[in-house]
Amino acid sequence: MTTVDKAKSTQRSFNFGRWFGATGWRHLIGVVMSVFAIFPLLYVLSASLNPSGTLISANALFSVFDIGSYTQLFDLPQQPYAAWYGNTLVIGITTSICTVFLGAMAAYSFSRMRFTGRRVGLLALLLVQMFPQLLAVVAIFLLLNGISDIFPAIGLDTQIGLIMVYLGGALGVNTYLMYGFFNTVPTSIDEAAKIDGAGHARIFFTIILRLVAPILAVVGLLSFIGTTNEFVIASIVLIEPEKQTLAVGLYQFVSDEFSKNYSIFAAGAVLAALPVMALFLYLQKYIVSGLTAGSVK
Amino acid sequence: MSIETPARTKRPSSDRKIGSTATGTKVLLVKIAALAIVDAISLYALFIVFAQRDWVVFGAILLVTIVVNVVYFSKRMLPAKYLVPGVIFLVVFQVFIIGYTAYIAFTNYGTGHNSTKQDAVAALIGSSQERVEDSPAYGLTVVESLGTYSFLVTDPDGDVSIGNENSPLAAVDNATIEGGKAVGVPGYNTLNFSQIVAAQQTIAALAVQISDDPNDGSLRTPDGSSAFVYRSNLLYDESAGTMTNTNTGVVYSDTGVGAFTASDGTELRPGWKIEIGFANFARAFGDESIRGPLFSVALWTFAFAFLSVATTFLLGLFLAVVFNDRRMRGRKVYRVMMILPYAFPAFLSALVWAGMLNRDFGFVNQVLFGGADIPWLTNEWLAKVSIILVNLWLGFPYMFLVCTGALQSIPEELQEAATMDGAKPWAVFRFIKMPLLLVSIAPLLISSFAFNFNNFNLIYMLTNGGPRDVAAGVNVGATDILISMVYKVAFVGAGRDYGLASAFSIIIFVLVGVIAAVSFRATKSLEELN
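Same order as they appear, the protein sequences are chains A and B. Going by the numbering used here, 118 is the number at position 66 of the first sequence; the sequence numbering is gapless. Going by the numbering used here, 343 is the number at position 339 of the second sequence; the sequence numbering is gapless.
The hints are simulated quantities; they were obtained by calculation from the structure and are not laboratory data. A couple of the hints might just be wrong.
With the Cβ distance kept under 7 Å, some of the chain B side facing chain A (calculated, not the full set) [said to hold, decoys possible]:
1. I102
2. W430
3. V432
4. F495
5. I512
Being a predicted model, the structure only gives us computed values, none of them experimental. Heads up, the beta-carbon is just placed ideally off N, CA and C, and yes, glycines get one too.
This is chain B alone, in the form it adopts within the complex (with noise of 0.2 Å):
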């Protein structure tokens, strides 16, 4: 979008104009003070990126927060000043992570693939330490600084040094020794017995690396007075990108999963992120345990999100027509009675529906259905059925409302001129009053198809998708529909898997933009653009 071009219309001039004034003059420093504080915490945000060498982030700040300065400080480029607030927003949070989706989408982001490899590695060898047996007594005090503890270690040849979870041993020369161990060192606080009991479980977990090389191995203490070396058992060599399990002796190696293989296939968790190219998509569309699934929940959401329309319009549309009747009293009444579904916030709906539907306690079974078992929300197409019946009562007002504006605004005259040509009700109805009324209802048809189409809050509060499909490779059930489960793919349960859950977005990604394309064409939305 070229919306830092100079507008054509407006000249420079009435801008210096308002400049002179005093009032011109408080706006500039207003200006100014708005501007200071963004390049202030751009500046801020550069440092900190500059710190951790990401260059990429780095240049995206410096590239806003100079088309920013220019903008506003420019006397022209008048539609940017209006523009480019929201239009960095819109950017980064809506164009940005639809195509970071794409990104993650080739890739196997997810549980156990979520980091480098340096990470792995370090997390692996953390994660497989013993305490290596003819290991010497290294003299141990906890100390604390700023809320982080550190060991200041003694070893057997009376050297001092000091290391944190973060920082391996380093030498210190200014300890205070008391009988042979250091005891304090300046700018840190001893614990004593009582704050080491405090914090036993901190300091049990705390591992503090002998030196840069995690081979090494490092320190941990059992008791808070003396540490031992622990090193781990696996064996990381660099060159050759192996792990060694110095145990068994199997050799992991870098076959390009994301992880170390050993040649009988186990790999080593966690592994790292890599790219995988389209294999995301065929795992969703070649294995049987997810392509059958997905294929049942991309039907079931294109059903529901008809269903949802077509029903909610019905009854929305005859309830417009039976209270379109001048002589019919109280329909002020009725119709903020009806609104109120529609005013009650949707999420609090579905979940008061699930308690109602609820199979042993709910007050449909029990008291309308006078003690049935009936499974309105665990069995597969009662569920269904609920759902839509709940999506109903949520849907129609919506429907009644622009449904009886439409109607109100189809003059008068037509339907008295086919009344005086013999025209039946149902006749004026039917080839006079709809085609109108579709015409300006039409384009909200689309909008409510696209809403229901990722009508998240619904399913997932209702029915949790549920009942679940005991025979799908991924976590999914009956009433699931696509977006619901893309969710619970990436988030729920306790392996996440965020690079098929990408993959099935871009499928939605599709498949919205097919609905889009459908719905320019018939609202005509590009002809009305002046």
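In isolation and in its complexed conformation, chain A is listed as follows (with noise of 0.2 Å):
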């Protein structure tokens, strides 16, 4: 019996056109496509290994190894990258913390409070983050403009002024996210530890949130990947180059010498783009969660 089996088995293997029928295309398919997903990351990450620098030295592919581009990206007086880095980092990681922070609130009174105008609340919240922040650029120019004039500390050119317009979409639809996921949490919880003495602050900071943890690492996760690729604001609000975050940084650096020095500036996308990625794909599961759950890039 197992004789045959076996060779009914070396059989199928050897057959060629059924293999490719049944599952073989799929994989023409899937190399095709990985080809056309992966090519732009390797041709970047080649151009960045290659320190003679312009674009069309760059079309070699891996044809130079040398980090000479990635020691030269810290030793430029115009373009201070190391400080982008640091300020993306610094923006995006406060603003992330802030906004869990006030969406996890937010989203606690709408699951577990009952008050008049919850309601239009969860609506209002509903439609306004239908309107991107980016769309009123020009207020909020003028805003920080106008608050400058008052506290110079947080107006125009400074990273609080900053991360105060993106919290300023920090309820919308994280608050949404976050309210369903919060729905999902049984009541009877809360109401064994009121019972057993413990007021709204307690139950929230001790009970809910631990139990919200990984819709709370999706929207902080969601929130740090969209202020890190966040240029519009960003661009008309910070205005020395030491301020600037990478996406505002690079894009200058790329406009003012393209094809002069693409290699510096593939190195200075590989060492922003690995972080994020890292994350990402570590965290691929949450993440895909949450995108189904209504988040776009």
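Using the supplied hints, reconstruct the complex from the two chains, each of which is provided in its own coordinate frame.
Structure follows, in structure tokens:
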């Protein structure tokens, strides 16, 4: 019996046509799509390792391996790459932590409390999040300009000002995402804690926040990625090169000297992308669940 | 929103229970400390705003401070305690700015019109000064205090006075006099020769008004040791509200256009900000050189958003179907590979593709097309194709992920039952899987449409909106979408026009509102709320 089975399986593995008809063509499409997906990334990696620099020399893929561009990147007086990197991290992390906190508080009250205006409030959030802040970029600029006259420390060309603008979008879609998740935590848990004498703040901080940790991670990560990718508002708020973020700085770097210093730009792009990509792939499962719940890159 | 209304179900008794324990006291102390900090900042802000006599801002800050204090000191209003911080940011930086955009759309705010009339008068008089021919020489010592340069002046009669850029000359009586000229005054450092040389540009640009009336002229110095009277060749008549050029005799008057205008129509710049009613909208829809580009940009915005969703969805769905086969090995590897473009930061993707599609040096032309000269990003139509292709690269992984998720959640039994009834695979897909898939994917397609409708980063970083439309009256190109047009009109180039840009923003708001209404109806989100 075993010999018959073996014979059958060997026979099948040699039958190319049948294999191709069942799953082989799928592999063909998979390979083609993988090349399409991954090629630009390999291209930029190869360009970053070829310090001769120009756009045209970047076309010879992986002909040179030299990390010269990476060291040069940190020695540009006009383009303070290290400062951009630090700014992006500071702004991104601060914004995402505050966004998670503000959103979770709002979601908690919408999910656990019943008050007049609750339904209207939820509807208003749903409505407001349809109008992204960048539509009002002119007003944001003029508002911060006005704030500068009163408080230069939180006005134009300050990172606190930019973070405050980003926090204007902290409710909206995030609250919605969290509200759905908070509703899945049984209220009997709150009630039990309440009977044991816990107040609302203790229930929120020590019980609910722990139970909803996955959605907090998703919202925090999406907010971080969104903030690091944001260009429009950051480009008009941050003026001095030392205060800018990677998106603003690298864009100006490229538009100033596009074909001359392509290798340095590529090195900057690789370094900027690595942490985001690592985080993304590591937390892939959570993000995908967050995405299907209604958020777009 | 009536968030300040008290909670109905929550009774104050449960709050008091905690307040009596040790942790409760600690919480209370933290709360008081946090509120003290907030109140201290507010008080500081109120003082500054009070000094500037800006009553609207003063009222707003006062209101916010009162609301915060009432909410957090009250035993009730529990929901408000959790909502107020986020709502404050939301109101200021999301709701208020929408209203402010609407206001700006009705003004002439922009380059040459960004201040008040008084500022414009001062700027005009300051910028058109000429040395008075027979001006006597004033003895001058440049002094400095806290980084601000001032002129210590001894006039030909021997009277000493001091003044700087912001405050006109005022008499001083305790100056040190040497050789008939004041050389120092307590509280100021006298600059020596080398310091004057080091700061000569700043000092040469300094103009100190002789009196409160700008028409009296001001003192300037060519050498740092003597000053002369400079007087504007523009004379402002405050009662008549006119500017007169004393050289030519031309009278410029305020005709209500936000600038002093001569009878032949010439305007003096800078002007000032005024409300101009629907003039910006009239320009947007009436001026042919703006209306044409506006309509083509709006059309392309819709086409781009629609094609983006359609192409990414079709490719994503196709791949999801192809890889949704349990017999296939290595699906996880392909999946990770195809997610990579999505994990790569979007603004970088656009910049990398801009390099690859570069006409003269890019990889696509040089290697894939063997040195061809295809204007991927500089030809009007090819640039549009390139944008859709790059967006396909950026967006298909998302659609692949959500379609895979949706396909896997469809129960196997449905497919088996249909196959038993004799349905062919295509029929199973078309009549069973597709409708079920669309139920869960449709809201995401709409939000993807809304997102691409304002996909500024891709357009601006890939083509910069170009190629530029030279016939247009505003800075706009063939691949610009509405939001990048707003950005360019408001912030790119020498002539910034905030008013017109805001008018364009209002047009986008209306369009997005329509999309939102459609989306609400389609997703039935309203009914899901409980």
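Each hint, compared with the structure:
Among the interface hints, the one on B/I102 holds; its C-beta lies about 6 Å from the nearest C-beta in chain A, closer than the 7 Å criterion. Contact between B/W430 and chain A, as hinted, is not supported at the beta carbon level, the nearest pair being about 16 Å apart and thus beyond 7 Å. Checking B/V432 against chain A by beta carbon gives a least distance of about 17 Å; that is not within 7 Å, so the hint is violated. At its closest, the beta carbon of B/F495 sits 6 Å from a beta carbon of chain A; the interface hint therefore holds under the 7 Å criterion.
Interface restraint check for B/I512: the shortest CB-CB distance to chain A comes to about 5 Å, inside 7 Å, so the restraint holds.
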